[in-house]
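Use the sequences and the hints to build the structure in full.
There are 2 protein chains.
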Amino acid sequence: MDATQTNARTLRLAEDDNILVAAGKIEPGAEIAQGLTLRERIPFGHKIAARAIATGEPIVKFGQIIGFASKPIAPGDWVHEHNVEMHDFARDYRFAEAARPVNVLPVEEQETFQGFRRANGRAGTRNYVGILTSVNCSASVARFMAEAAMRSGMLDAFGNVDGVVSFTHGTGCGMAASGEGFELLKRTQWGYAANPNLGGVLLVGLGCEVFQIGRMKQLYGIEESETFRTMTIQDSGGTKKTIEQGLERIREMLVAANKVERETIPASELTLALQCGGSDGYSGITANPALGVAADILVRNGGTAILSETPEIYGAEHLLTRRAKNRDVGEKLIERIKWWEEYTARNGGEMNNNPSPGNKAGGLTTILEKSLGAAAKGGSTTLNAVYEYAEPVTEKGFVFMDTPGYDPVSVTGQVAGGANVVCFTTGRGSAYGCKPAPSIKLATNTPMYERMREDMDINCGDILDGVSVQEKGEEIFREILAVASGKRSKSEDLGYGDSEFVPWQIGAVM
Amino acid sequence: MDATQTNARTLRLAEDDNILVAAGKIEPGAEIAQGLTLRERIPFGHKIAARAIATGEPIVKFGQIIGFASKPIAPGDWVHEHNVEMHDFARDYRFAEAARPVNVLPVEEQETFQGFRRANGRAGTRNYVGILTSVNCSASVARFMAEAAMRSGMLDAFGNVDGVVSFTHGTGCGMAASGEGFELLKRTQWGYAANPNLGGVLLVGLGCEVFQIGRMKQLYGIEESETFRTMTIQDSGGTKKTIEQGLERIREMLVAANKVERETIPASELTLALQCGGSDGYSGITANPALGVAADILVRNGGTAILSETPEIYGAEHLLTRRAKNRDVGEKLIERIKWWEEYTARNGGEMNNNPSPGNKAGGLTTILEKSLGAAAKGGSTTLNAVYEYAEPVTEKGFVFMDTPGYDPVSVTGQVAGGANVVCFTTGRGSAYGCKPAPSIKLATNTPMYERMREDMDINCGDILDGVSVQEKGEEIFREILAVASGKRSKSEDLGYGDSEFVPWQIGAVM
Ligand SMILES: [Ca+2]
Ligand SMILES: [Ca+2]
Ligand SMILES: [Ca+2]
Ligand SMILES: [Ca+2]
Ligand SMILES: [Ca+2]
Chain V
1 MDATQTNART
11 LRLAEDDNIL
21 VAAGKIEPGA
31 EIAQGLTLRE
41 RIPFGHKIAA
51 RAIATGEPIV
61 KFGQIIGFAS
71 KPIAPGDWVH
81 EHNVEMHDFA
91 RDYRFAEAAR
101 PVNVLPVEEQ
111 ETFQGFRRAN
121 GRAGTRNYVG
131 ILTSVNCSAS
141 VARFMAEAAM
151 RSGMLDAFGN
161 VDGVVSFTHG
171 TGCGMAASGE
181 GFELLKRTQW
191 GYAANPNLGG
201 VLLVGLGCEV
211 FQIGRMKQLY
221 GIEESETFRT
231 MTIQDSGGTK
241 KTIEQGLERI
251 REMLVAANKV
261 ERETIPASEL
271 TLALQCGGSD
281 GYSGITANPA
291 LGVAADILVR
301 NGGTAILSET
311 PEIYGAEHLL
321 TRRAKNRDVG
331 EKLIERIKWW
341 EEYTARNGGE
351 MNNNPSPGNK
361 AGGLTTILEK
371 SLGAAAKGGS
381 TTLNAVYEYA
391 EPVTEKGFVF
401 MDTPGYDPVS
411 VTGQVAGGAN
421 VVCFTTGRGS
431 AYGCKPAPSI
441 KLATNTPMYE
451 RMREDMDINC
461 GDILDGVSVQ
471 EKGEEIFREI
481 LAVASGKRSK
491 SEDLGYGDSE
501 FVPWQIGAVM
Chain R
1 MDATQTNART
11 LRLAEDDNIL
21 VAAGKIEPGA
31 EIAQGLTLRE
41 RIPFGHKIAA
51 RAIATGEPIV
61 KFGQIIGFAS
71 KPIAPGDWVH
81 EHNVEMHDFA
91 RDYRFAEAAR
101 PVNVLPVEEQ
111 ETFQGFRRAN
121 GRAGTRNYVG
131 ILTSVNCSAS
141 VARFMAEAAM
151 RSGMLDAFGN
161 VDGVVSFTHG
171 TGCGMAASGE
181 GFELLKRTQW
191 GYAANPNLGG
201 VLLVGLGCEV
211 FQIGRMKQLY
221 GIEESETFRT
231 MTIQDSGGTK
241 KTIEQGLERI
251 REMLVAANKV
261 ERETIPASEL
271 TLALQCGGSD
281 GYSGITANPA
291 LGVAADILVR
301 NGGTAILSET
311 PEIYGAEHLL
321 TRRAKNRDVG
331 EKLIERIKWW
341 EEYTARNGGE
351 MNNNPSPGNK
361 AGGLTTILEK
371 SLGAAAKGGS
381 TTLNAVYEYA
391 EPVTEKGFVF
401 MDTPGYDPVS
411 VTGQVAGGAN
421 VVCFTTGRGS
431 AYGCKPAPSI
441 KLATNTPMYE
451 RMREDMDINC
461 GDILDGVSVQ
471 EKGEEIFREI
481 LAVASGKRSK
491 SEDLGYGDSE
501 FVPWQIGAVM
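Sequence order for the protein chains is V and R.
When we follow full-length UniProt numbering, the leftmost residue of the first sequence carries the number 1, and every step to the right adds one.
When we follow full-length UniProt numbering, the leftmost residue of the second sequence carries the number 1, and every step to the right adds one.
Among these hints, one or two may not hold up.
What the hints assert, rightly or not - Partial list, computed: chain R residues near chain V (C-beta under 7 angstroms): (1) A139; (2) R143; (3) G174; (4) Q234; (5) G237; (6) G349; (7) S356; (8) G358; (9) P447; (10) R451; (11) E454; (12) L494; (13) V502; (14) W504; (15) Q505.
These are computed hints drawn from the structure, not numbers from a lab.
Built from N, CA and C at the ideal position, the CB exists for glycine as well.
Structure follows, in structure tokens:
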């Protein structure tokens with residue numbers, strides 16, 4: 001990161017940039033660099049022309065093209081939607097050209113955390129009992145059970161258990177019983193059931209829904225056990241009897257789940273979900289690159305970091321294909337990109353419309369500008385694998401999972417893939433929290449951090465005050481180890497995570 | 001209904017039928033009618049051939065074609081998926097041919113209920129304070145507020161208020177900011193905000209989502225008032241401050257909402273949502289036609305009954321176009337049917353795949369068989385209007401609203417349209433409940449009613465034991481008046497309605 005402060009209020013991010021970024025609101029007439037006077041009032045995080053830019057000329061930020069001038073731009077002009085447009089321009093994938101072997105530390109030198117070792121050898125950072133639901137029709141019953149368990153004092157006797165949590169959602173019926181949408185939901189449900197942060201799982205259905213629990217068990221050869229039970233409201237005789245019987249099963253699971261204690265586990269068993277939400281003009285220059293450093297450290301320690309949010313790296317996929325382990329991995333990414341073009345077209349949309357109103361208010365003009373900033377979370381190591389939504393992540397190192405950018409849907413896929421901790425960067429200020437994977441929230445700027453201190457775990461805004469991206473990345477990594485070992489993140493303290501299970505819904509609702 | 005019992009265990013539904021319906025599980029060898037012996041074991045609610053049916057010959061139930069034999073069927077054979085198929089066959093719309101003027105009772109002869117008269121003249125059957133959410137990112141905060149309000153004892157002083165309820169969902173961002181999907185969500189949110197069962201509404205957002213509260217207010221010219229407030233987590237300074245400020249606003253709303261008392265209101269101000277879920281072979285012969293009678297009585301009393309679930313009347317739309325007030329109303333229905341064909345095709349599906357695994361297990365073989373049974377809920381009066389999903393229902397009498405069949409999504413559209421009471425028929429046994437509109441659940445058969453007594457309000461299974469459809473319809477209508485006047489339905493007693501707000505999601509998740 002070549003972030004040179006031009007003066008107190010603007011940043012030049014790379015030598016070749018023809019724009020500066022405002023480090024605060026700046027009034028017209030302000031001299032923002034030698035010989036450069038601001039012509040209009042521009043908000044915090046927005047771009048200012050550093051020199052004259054002719055119509056059609058590229059806008060350069062991070063040393064890379066983020067768009068093209070749609071009209072002549074004078075030095076000191078505000079640069080945003082009104083004078084910037086996107087063209088399709090040639091992408092050069094250069095598969096695997098920049099892939100380098102990762103020097104993973106020997107296991108005895110790896111950092112460690114205090115985690116829960118599961119019977120199947122995997123490691124958890126939390127120990128919840130989860131109530132999954134096959135359909136919205138069992139959502140209330142699942143909530144009633146979780147609330148009853150939490151309220152009853154039942155948990156007092158089980159000090160190693162973090163809680164009972166219900167995962168409710170809006171789908172599971174009124175959908176095709178096969179095909180893409182059904183496969184996504186199936187993977188998501190079994191992915192959650194298998195997440196190492198759950199010490200026991202009760203799956204509750206209504207009985208007549210499209211997402212048939214019995215068929216699933218048959219298909220996957222799944223057996224009931226003391227830590228995995230299924231039931232339906234129709235078979236159990238209605239709401240009250242289901243709750244009563246469910247609470248009995250939960251009590252049995254609590255006994256089983258409580259037997260496991262935290263022990264020392266190498267950091268290589270951490271699977272980190274990388275996420276951003278409510279991005280702003282600083283996301284790509286503070287929190288995201290700092291999180292990239294933390295991801296690189298985790299990968300060197302043998303762990304796994306999952307970059308996702310395909311629409312948010314759209315237009316910057318060549319940055320990842322170059323880092324792909326081999327051509328196959330790179331091509332799998334491109335295949336997903338093409339799937340997205342088809343998916344959005346089929347739905348009457350297009351792929352260059354991603355920055356939300358909030359993103360734009362925060363200073364991000366084009367999808368390419370946002371993508372370059374978003375991809376920074378992934379650090380710099382070789383891309384070892386590309387997964388579809390909610391697929392089990394089995395490769396170590398830096399990997400990509402295809403998900404929407406929309407936070408709850410994206411993290412749901414990552415957790416289904418096996419993520420046991422989440423790092424979430426935010427500029428505008430997201431209040432997101434997750435169960436069963438704790439979520440660490442990283443503020444991109446100090447004013448938002450100050451304003452939403454009770455929701456933010458780490459301030460990355462001080463990068464603008466001289467803290468290096470490297471130092472900040474090391475701080476994030478230490479926080480990941482601490483939270484993985486049981487330190488509660490801000491969103492856990494606030495009680496988040498019971499309303500954020502949102503499986504990706506594809507296809508007609510019928 | 002010409003339901004003649006052939007013996008204790010089967011029903012012939014119409015003179016011309018070539019099938020009988022099992023009124024209980026029947027074993028092979030049983031003589032089910034004169035000279036007719038059952039050839040295989042068949043379950044409750046399923047169909048038995050009353051005579052030989054050749055390949056390609058129609059299967060006739062309700063006196064109407066429900067499918068065609070895919071192989072030769074012998075007398076006493078089980079008739080289901082294995083020997084029945086659907087063809088496309090000509091539909092004859094005969095627009096408005098069967099429309100008849102409805103003799104609405106003079107207002108002084110109309111039945112009445114004890115309801116809440118709103119300042120705008122509309123009438124509610126409940127008096128909730130609702131917390132709407134623009135996006136999943138504010139779901140937890142909305143829940144925390146509703147829980148805090150309910151737990152705090154805050155409500156004790158407000159005896160006329162039914163409670164504080166949060167309406168959370170999985171969408172609101174990661175979506176196109178215009179077009180079909182966005183319009184649906186917009187209508188749904190403002191429809192809930194305007195529902196007469198809400199005495200106050202707080203709309204909470206994150207701040208940076210696609211569904212921008214500020215823009216909406218501008219667009220609709222909506223002003224804040226003591227019973228309508230908006231806020232965002234980002235503007236309020238995070239989770240805790242939002243909850244604190246939100247609870248202050250809720251307290252003000254409770255004071256305002258508590259000022260209204262139940263008063264006598266004509267039944268013409270009831271808007272009834274008709275719904276079925278988890279249908280079985282009896283839905284179309286017991287609960288649905290009985291509900292149709294109740295709908296007819298309500299319409300005669302000047303009220304409104306909304307039939308919905310377009311995919312479930314698919315194939316039987318000619319029954320409705322003939323009853324349409326005029327050609328325009330009939331054509332609007334056909335336009336929606338065509339939209340559905342396009343919607344499902346675009347999503348790689350088709351319109352004849354609707355019976356769910358549960359429906360099939362219950363004895364429904366084809367979409368046409370199910371549609372004919374589902375449409376019976378709509379009674380027999382003239383179809384006065386056709387609405388799109390979540391549009392405000394302004395016409396009185398029998399109307400249709402285009403929704404999916406999936407229960408929570410369908411009722412959400414009906415309540416957004418202004419429904420203030422719901423009647424929900426179920427054969428397999430749904431545990432559905434709704435807020436802010438109370439939901440009355442009607443069991444189609446006695447065994448399920450007995451099994452799920454705590455969830456069912458009325459047993460329509462006794463129609464098989466000799467109670468007439470007309471009597472049952474009158475009983476349902478009386479129950480509607482009682483529940484509208486404050487009697488709590490079973491699902492209200494159980495606490496349902498906080499997890500069943502599911503806006504119809506159309507389009508790509510990005
Ligand atoms: Ca984002
Ligand atoms: Ca995101
Ligand atoms: Ca929900
Ligand atoms: Ca149904
Ligand atoms: Ca339904």
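Going down the list of hints, with the structure as the test:
1. A139: Holds, because the Cβ-Cβ distance from A139 (chain R) to chain V comes to roughly 4 angstroms (cut-off 7 angstroms).
2. R143: holds, 6 angstroms
3. G174: holds, 2 angstroms
4. Q234: holds, 5 angstroms
5. G237: holds, 5 angstroms
6. G349: Holds. Min distance 5 angstroms.
7. S356: OK, holds: S356 (chain R) within 7 angstroms of chain V, min 5 angstroms.
8. G358: holds, 2 angstroms
9. P447: With a minimum Cβ separation of about 11 angstroms from chain V (threshold 7 angstroms), the hint on P447 (chain R) is violated.
10. R451: holds, 5 angstroms
11. E454: At 5 angstroms from the nearest chain V Cβ, E454 (chain R) passes the 7 angstroms test, so the hint holds.
12. L494: holds, 5 angstroms
13. V502: This hint holds: V502 (chain R) lies near chain V, its Cβ roughly 4 angstroms from the closest one there, short of 7 angstroms.
14. W504: With Cβ-Cβ at 6 angstroms, under 7 angstroms, it holds.
15. Q505: At about 6 angstroms, which falls below the 7 angstroms cut-off, the nearest Cβ of chain V leaves the hint on Q505 (chain R) intact, so it holds.
Going through the hint list in order, the structure does not satisfy hint 9, though it satisfies all others.
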